[in-house]
Amino acid sequence: MVGMSQLISTTLSSPASPACPFQRCRRSQATAPRRLRAGRPAVISCESGPSERVDRREVLLGLGGMCAAGGLGVGRRGDALALPIQAPNLSECQTSGTSSGNNCCPPYSATILDYKFTPTGKLRVRRPAHKVDEAYLAKYKKAVELMRALPADDPRSFVQQANVHCAYCDGAYDQVGFPGLELQVHESWLFFPFHRLYLHFHERILGKLIGDDSFALPFWNWDAPDGMILPRIYTDPSSSLYDPLRNPAHQPPEVLDMDLDDGDAPTRQKQIERNLSLMYRQMVSNAKTTPLFMGLPYRAGGNLKPGAGSMENSPHSSIHIWVGDPSQPDGEDMGTFYAAGRDPIFYAHHANVDRMWQVWKKLSPRNVDFTDRDWLDTSFLFYDEDARLVRVKVRDCLEPEKLGFTYQEVDIPWIKKRATPRATPTSESSSTSSSPPSRKKRRAKLLKSAGGAVTFPLTLSSVACITVKRPKVSRSQTDKDKEEETLVVEGIEFNPKNRLKFDVYVDDTDAGEVKPDDSEFAGSFINVPHGRNHDKKKKMEPVTTTLRLGITDLLEDLKLDDDDEVLVTLIPRKGKGKIKIGGIRIELSS
1 MVGMSQLIST TLSSPASPAC PFQRCRRSQA TAPRRLRAGR PAVISCESGP SERVDRREVL
61 LGLGGMCAAG GLGVGRRGDA LALPIQAPNL SECQTSGTSS GNNCCPPYSA TILDYKFTPT
121 GKLRVRRPAH KVDEAYLAKY KKAVELMRAL PADDPRSFVQ QANVHCAYCD GAYDQVGFPG
181 LELQVHESWL FFPFHRLYLH FHERILGKLI GDDSFALPFW NWDAPDGMIL PRIYTDPSSS
241 LYDPLRNPAH QPPEVLDMDL DDGDAPTRQK QIERNLSLMY RQMVSNAKTT PLFMGLPYRA
301 GGNLKPGAGS MENSPHSSIH IWVGDPSQPD GEDMGTFYAA GRDPIFYAHH ANVDRMWQVW
361 KKLSPRNVDF TDRDWLDTSF LFYDEDARLV RVKVRDCLEP EKLGFTYQEV DIPWIKKRAT
421 PRATPTSESS STSSSPPSRK KRRAKLLKSA GGAVTFPLTL SSVACITVKR PKVSRSQTDK
481 DKEEETLVVE GIEFNPKNRL KFDVYVDDTD AGEVKPDDSE FAGSFINVPH GRNHDKKKKM
541 EPVTTTLRLG ITDLLEDLKL DDDDEVLVTL IPRKGKGKIK IGGIRIELSS
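Position 14 (the sequence shown) corresponds to 14 in the numbering used here; numbering is contiguous.
The set of hints was computed from the structure by calculation and includes no laboratory data. By construction, the Cβ of each residue, glycine as well, lies at the ideal position given by its N, Cα and C atoms. Wrong hints could be hidden among the right ones.
[Unchecked claim] Straight line, CA to CA, 16 Å or less: simulated EDC-like cross-link-like pairs of lysine to aspartate or glutamate:
1) K472 <-> D369
2) K469 <-> D384
3) K131 <-> D261
[Claimed, not checked] The following label-pair restraints were derived from C-beta to C-beta distances:
4) R148 <-> G582: 41 to 51 Å
5) R388 <-> S214: 19 to 29 Å
6) V368 <-> E490: 22 to 32 Å
7) E134 <-> S461: 18 to 28 Å
8) D114 <-> K482: 35 to 45 Å
9) K142 <-> R232: 12 to 22 Å
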């Protein structure tokens, strides 16, 4: 097995009182928050007076577009007006956007402290959940037991800790300065830093409850074969770590399916191989630029869901759905954002997601964090281990060691699991056969057999194929190192309450045969059900996002570098007819 040290050389009190002097937010029934209608520009409330309002669109136009969403690179373009997302106003928290209208709002405090991350001495070490010993397990169960026993209005209680995810992810908060425009921490560059900070405070609270400053959460090591089952420490019904709302068919020893394949179940070893290939694709091939891995920029007043990074789409989202109970209305608990934090395994799952952030940065010197000030200065509110409401910024969490924790080093078995073409180069069905003109004829034949080219926009109710022009052919290795060839599926419109998935193939149309360990498999779009804030008397408006897939490695594997076009196939897997696609293009990005 290959460990991180082989990939790159790197340097790596008493229980809290349950008393909680907080009160719930008061909400006036007569002054419900206004909602923006589709197409209506957001407004900024100026401090000079309530009657003086500035149309945000006019501000942007007046500045010559300086505050537009910006490029997709790591740094800024010299924008004069900063637009970081600001920490939410808890006094304006609303019921979540779920069908049941859950009240996820935290206890209210008018006092907000800017949190200071101070060294705690020895680093807390997060270990694989399937390898923890009995002594650790006893402490972990006791900590969660004490957290569950806290009063429901204590911000450190298990109920309130779960509600943190619900509030930030299901439309309980508006963006500060943009009434009616909700705040969302998924499907953008906020995904990794928000969840790292969320886990930090959750972990610190657990440690404080058992009087152990060295306590660290475990991580679900699902990227390694031995960790590809639901960790057994979470399966004891008598334990505080247990959650009854899980898929009964996915209990140990059932192997995790990162692809959520509804077809015939493969052998155990084949499933593991597919998972490892998917990990390679999402961590390497689909992650060669910072936006591809971490997600697209999300600025104040901007698009709610600009686009998720590779790791968030899968395996993060697929594991959420795989764990949740399909007999529940929305796949509770893990299978829907508002309830995911109610399952203790959520925190182990996200600990490994967070670990992937660190692993990615060590895989290549090109893998670096954003330096954009709007990202660095985005802020959130959390309650700390002393039940104080604190403000933290993204820039505070970029290095785990500064937060006082690290990860136990384990093997990285997927690092050598690059996918291979489905068919042999001599096969008639293979895209790697013959010359570019011959492959173009083959594409035309495949396109005809699939029903012909589709036109956009389209509702994805069946297999859809289209040939897409490439911006440049026969690129040199220098060109490839400088810019990633990126397949962009844009204008993906859907109701966020639906469980959705579609796959993307390149130069293949066989919906039943192409799998994650095949080079033709470019990636997937997955939506974990969640709500959004809206007028409950009206139908929930759809959201729109973008899927971006790095395909440089794929084109090399399929020997398509010299072809001026490729055949792109979209395969609806979950939610057929419930997704609209605006278009598909290929671009070069850095």
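These are the hints, each one checked on the structure:
{"no.": "1", "hint": "K472 <-> D369", "result": "violated, 28 Å"}
{"no.": "2", "hint": "K469 <-> D384", "result": "violated, 52 Å"}
{"no.": "3", "hint": "K131 <-> D261", "result": "violated, 28 Å"}
{"no.": "4", "hint": "R148 <-> G582: 41 to 51 Å", "result": "holds, 45 Å"}
{"no.": "5", "hint": "R388 <-> S214: 19 to 29 Å", "result": "holds, 22 Å"}
{"no.": "6", "hint": "V368 <-> E490: 22 to 32 Å", "result": "holds, 26 Å"}
{"no.": "7", "hint": "E134 <-> S461: 18 to 28 Å", "result": "violated, 52 Å"}
{"no.": "8", "hint": "D114 <-> K482: 35 to 45 Å", "result": "holds, 40 Å"}
{"no.": "9", "hint": "K142 <-> R232: 12 to 22 Å", "result": "holds, 18 Å"}
Checked against the numbered hints listed earlier, the structure breaks hints 1, 2, 3, 7; every other hint is satisfied.
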